[in-house]
Each structure stands twice: as C-alpha cells, then as structure tokens.
Amino acid sequence: GESVGLHLPTLSVQEGDNSIINCAYSNSASDYFIWYKQESGKGPQFIIDIRSNMDKRQGQRVTVLLNKTVKHLSLQIAATQPGDSAVYFCAEKFMEYGNKLVFGAGTILRVKS
Amino acid sequence: GAVVSQHPSWVICKSGTSVKIECRSLDFQATTMFWYRQFPKQSLMLMATSNEGSKATYEQGVEKDKFLINHASLTLSTLTVTSAHPEDSSFYICSARMAGRNTEAFFGQGTRLTVV
Numbered sequence: 227g228e229s230v231g232l233h234l235p236t237l238s239v240q241e242g243d244n245s246i247i248n249c250a251y252s253n254s255a256s257d258y259f260i261w262y263k264q265e266s267g268k269g270p271q272f273i274i275d276i277r278s279n280m281d282k283r284q285g286q287r288v289t290v291l292l293n294k295t296v297k298h299l300s301l302q303i304a305a306t307q308p309g310d311s312a313v314y315f316c317a318e319k320f321m322e323y324g325n326k327l328v329f330g331a332g333t334i335l336r337v338k339s
Numbered sequence: 025g026a027v028v029s030q031h032p033s034w035v036i037c038k039s040g041t042s043v044k045i046e047c048r049s050l051d052f053q054a055t056t057m058f059w060y061r062q063f064p065k066q067s068l069m070l071m072a073t074s075n076e077g078s079k080a081t082y083e084q085g086v087e088k089d090k091f092l093i094n095h096a097s098l099t100l101s102t103l104t105v106t107s108a109h110p111e112d113s114s115f116y117i118c119s120a121r122m123a124g125r126n127t128e129a130f131f132g133q134g135t136r137l138t139v140v
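Top line first, the protein sequences correspond to chains X and A. Throughout, the working numbering is defined as the position within the first sequence, counted from one, plus 226. Throughout, the working numbering is defined as the position within the second sequence, counted from one, plus 24.
The reader is advised that the hints may include incorrect statements.
List time: in silico DSS-like cross-link candidates among lysine-lysine, alpha-carbon distance up to 25 Å [what the hints assert, rightly or not]: (1) K297(X) <-> K282(X); (2) K38(A) <-> K268(X); (3) K44(A) <-> K90(A); (4) K338(X) <-> K65(A); (5) K338(X) <-> K268(X); (6) K294(X) <-> K282(X); (7) K79(A) <-> K44(A); (8) K38(A) <-> K297(X); (9) K38(A) <-> K79(A); (10) K44(A) <-> K268(X); (11) K65(A) <-> K79(A).
Honestly, the hints are just simulated from the structure, not real lab data.
For reference, chain A alone in the conformation it holds in the complex:
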C-alpha cells in the first residue's frame, strides 16, 4: 500500500516549451501533496505544498507562475514547468500524505527533466 507514482520518469524538452509532470497516489487519498526539486548530490528542496481543491503554497524564491501546480483531485497533482530553460533541468519529486494523517509522506520515483 501507499504507492505514489510519477509520470513521466524522464523527459527531454526544448527550451521555451512547457512540461507537465503528474503525481498520483495509487491506493490512498492524499489531501496534501508536496513537490521537491533536487540537483545532483544535493538534498531535496521543497518547492510547494499542494492541498486538494485549493491553491498551492509556494516556498520562498519559487516562482509560482513558472511552476504551476494543480491538485484537482484526492489522487492527482500536477506540476507544469512553463517556458522551460536549461537551468530548470533537475530531478523533480513529489510526495503525498494520506488524508487524515499529518505524519509521514510517501514519495514518487521522481522525474528527470532535461531542457535542451
């Protein structure tokens, strides 16, 4: 149980295009999902907290117009990187917290984004 799936696992896109990454909780309902970004050999940096049915809360320094987050259902959140540039290339990871619980979060397998 408690499986979180991200899609795609990796994506290569051209500079200036937009890319959408999906995060799904497969066997539980997630009222809260988190999006992280991770550069090589570095820790996970929280980008935003997404609550189902409401606007995401972005961390300081994260451009909300560039990283669009939608959490339209209890099992799906999406992150859209708009007008991607090479510096947006990174490993993006989502996590989901079960409805009614405020402790551990379960992570997806990550999405490797390369902007060329």
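Just chain X, same shape as in the assembly:
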C-alpha cells in the first residue's frame, strides 16, 4: 500500500532532552501534513499540522519543520517527558485522491528516566 516514510525506527532519549523524529514523503503535490501520536491500544492523537506553503510551525513544546526540496518532515519535541513515549506517525494529505490521509511507517519514541 501507499506509505509516507520508509522506516520504523526506535528513538531513545533521556528525559529532559529534545527529540527529533523524521519522516520522508514521496508525493511532492501533497499540500498538508500532520503529526500524530499513538499510545498502545489507542487511536492516533493529533499533535500538530503544517501546510505546504509553510516551512515551520510551532506548538506547545513541539515544532514541525517541512523541507519541500528534499521532501522531508520533522517533529521536534522539547524537554521530552516520559508521557511522550509512544509511536509517532507523519501523515500526508493527497488532495488529488479525495483528500485521504496516508500514514508513514512510524517511529517509536522511548523516554528514559
């Protein structure tokens, strides 16, 4: 099936450090990207989004960066906390395909106390 991102890596960080989670996408025509957090046994939870006409957007403790030149998206989490441990997915909206969201492979974030 379709997939944004090519890996399912695990990122381990020390509590209090900053985390950077990366995602590569394939469709240069995508106009909207979202980061989701998924805890075990639950549905994805919206974190932050960004439109393709932006290259950076900040939220509370999170920042999303978009590099359209290399089709790369990143999520930065400041002062990572144990509650941030989860799987993080980037998703890409395919406007020409009925605005469906296609998910990347995901990254497991483990926060060490």
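Start from chain X and add chain A according to the hints.
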C-alpha cells in the same frame, strides 16, 4: 470538541461470523469518514473512504464485499467484517473529518478484533 467514538473497543468472534464496528462523531457532523487497519508494530493502512449518503471508495486490494461500509448519517459510519477469519484479526480505526473542512481528521480509539 471533535470527539470520535468507536464501538466496541474490542470484540472476539468465531470464524465465519460477521462483526459490525461503529464509528460516531459525537459533537460534529462528518461528511467523510475513513477506515484504517493496523497490524502490530505497523502503520495505519487506509482501507476505504466513506462519504455520507454515497458508496465508499475502497483502496486497492481491499475487498469491498468482505468489508462492508455504510455511512448513512453525518455522525455514523459502520464497518462490517463479513465471514471473519483469523487473518482478519487486527486493530481497526476510524477517523472523521468535519463537514466543510478538508484538513485534519479526528480518530476514534480503535477496535481490537480477534477472530478465533
């Protein structure tokens, strides 16, 4: 606001039976709902896009006669897994997009289906 609820949260059924999963938008109207399937330690795979009052659009490789989707109202979509088999065991997740918006979608908590 923007709460999506799935029911049941988990279900165990016998092989050969059918199971219905409900997805409700509790505090908004959703013209579009999406159904995903997720295997352990894998990403969400889109199964179908459901638009209120019309037939669902299925992704390539998804059997529409096996996974019946109905979106009869602006707040309810259902996914029925017909003649379930053990390989249908998975985590099924729905999401709903607000009417008039084409951006973010809100997700339900998922339904764990186990076919024995």
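Now the hints, each set against the structure:
| no. | hint | in the structure |
| --- | --- | --- |
| 1 | K297(X) <-> K282(X) | holds (14 Å) |
| 2 | K38(A) <-> K268(X) | holds (24 Å) |
| 3 | K44(A) <-> K90(A) | holds (12 Å) |
| 4 | K338(X) <-> K65(A) | holds (20 Å) |
| 5 | K338(X) <-> K268(X) | holds (22 Å) |
| 6 | K294(X) <-> K282(X) | holds (11 Å) |
| 7 | K79(A) <-> K44(A) | holds (17 Å) |
| 8 | K38(A) <-> K297(X) | violated (45 Å) |
| 9 | K38(A) <-> K79(A) | violated (28 Å) |
| 10 | K44(A) <-> K268(X) | holds (19 Å) |
| 11 | K65(A) <-> K79(A) | violated (31 Å) |
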